Amino acid sequence: MTTTSPAEPGQPSPGLPPRTTPAPGAAISKLGIAAVIVTVVLWASAFVGIRAVGPSFSPGSLTLGRLAVAAVVLGIVVLPTLIVWPKGREWLPIVAYGVMWFGGYNVALNAAEHMLDAGTSAMLINVSPILIAILAGIFLKEGFPKWLLIGSAVAFCGVAMIALGSGQRSTADVAGVLLCLLAAVLASVSAILQKPVLRKFTAGQATWFGIMVGAICCLPWTGHLISEVQAAPLPATLGLVYLGIFPTAIAFTTWAYALSLISAGKLAATTYLVPGTTILISWAVLQEVPTIWGLIGGVVCLVGVGLTRRRSR
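Numbering (UniProt numbering) for the sequence shown: 1 to 313.
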């Protein structure tokens, strides 16, 4: 059974009660499932994209470039239908997740990937779903469903297999590890802050607001971005544009849409599929053949995510 909303799905409702989301335990729609799949695939592709353009762009300028592209592309879609803007205290969570997620998370992750190997990065970033489940259980009153905890543990084991089977050994210093953990924490807190915003604003609007805030925070890197774009080869520049349109504008919007339909904890658990998907994309695009442990770990992640969807009796 689901609660009802006075507005059409995905549309703002000026002057009417806030939009509501399906009741806990309600089955997610086919469109919601599609949104989750798109999010996982595009976020996984971001790791490949960042690896490809990393030599041409510094962490801050890469973040600003992505957000600038995303702001323009998503703004074209959002602005014509944006009737009501956030007011007063409604800006507080938006500014918070805009600064932390779209700004801080991306800069920290970009910097960390210059210091950490793929296996270590996967392990550290995938602390995020666990943190989201804990924070959602406490602050969003989602509780701690048995199968969510069991499935998360199984999926994390799968991520560990992928990391251990990467065939790489980290030579990173403590700063790289701390940056990656910082990125995971920022993403986790931001997901919790974004959830209530989706009660009033559509996924596209909530995402665009955050992107704009993040872009403003990254403006100090404007000079670096201009000089690096001028010096970068065309494929690197096109890669930056790809990162702005697909993993940023589209994937963050599909994430927000899915977040408006299901609990933060269950949605976060699906991101355990990102490392395995990244391996497959790297295999296809970069001809990086996965190890047997990488393939087994990907299957274990699938099983774990499947377990999180079971309902406790």
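Source of the hints: derived by calculation from the structure; they are not laboratory data. Predicted model, so just to flag it, every value in this text is computed and none were measured. A few of these clues could be false.
For each label pair, taking beta carbons as the anchor points, the in silico distance ranges come out as [unchecked claim]: (1) P80 <-> I216: 20 to 26 Å; (2) P233 <-> I138: 17 to 23 Å; (3) I292 <-> I83: 50 to 56 Å; (4) H114 <-> T291: 20 to 26 Å; (5) L92 <-> I292: 47 to 53 Å; (6) L79 <-> T291: 43 to 49 Å; (7) H114 <-> I138: 40 to 46 Å; (8) R89 <-> I292: 18 to 24 Å; (9) T291 <-> I33: 28 to 34 Å; (10) P235 <-> I296: 31 to 37 Å; (11) A153 <-> I33: 21 to 27 Å; (12) H114 <-> I33: 34 to 40 Å.
Beta carbons: idealized from backbone N, C-alpha and C, even for Gly.
Could you check the hint for me, namely that A153 and I33 are 21 to 27 Å apart, CB to CB?
-> Since the Cβ atoms of A153 and I33 sit about 23 Å apart, the hinted range of 21 to 27 Å holds.
Check the following: the C-beta atoms of L79 and T291 are separated by a distance inside 43 to 49 Å.
-> For L79 and T291 the Cβ distance comes to about 46 Å; the hint holds.
Can the suggested window of 34 to 40 Å be confirmed for the beta-carbon pair H114 and I33?
-> 35 Å, holds
H114 paired with I138, Cβ distance criterion 40 to 46 Å | At roughly 34 Å between Cβ atoms, I138 and H114 fall outside 40 to 46 Å, so the hint is violated.
Using the C-beta atoms of L92 and I292, is the stated range 47 to 53 Å upheld?
-> 48 Å, holds
Can you let me know if the beta-carbon spacing of R89 and I292 is within 18 to 24 Å?
-> Cβ of R89 to Cβ of I292: about 53 Å, so the range 18 to 24 Å is violated.
Is 20 to 26 Å right for how far apart the beta carbons of P80 and I216 are?
-> 22 Å, holds
Would you say the C-beta atoms of P235 and I296 sit inside 31 to 37 Å of each other?
-> Holds - the Cβ-Cβ distance for P235 and I296, about 33 Å, lies within 31 to 37 Å.
So does H114 sit 20 to 26 Å from T291, Cβ to Cβ?
-> Holds - the Cβ-Cβ distance for H114 and T291, about 23 Å, lies within 20 to 26 Å.
Range hint compliance [Cβ, P233 to I138, 17 to 23 Å] | 47 Å, violated
Is the distance from the Cβ of T291 to the Cβ of I33 consistent with 28 to 34 Å?
-> Check passed, 29 Å falls within 28 to 34 Å.
With 50 to 56 Å as the target window, see if I292 and I83 comply at their CB atoms.
-> Holds: the Cβ-Cβ distance is about 54 Å, inside 50 to 56 Å.
Violation of the numbered hints given earlier is confined to hints 2, 7, 8; the remaining hints are satisfied by the structure.
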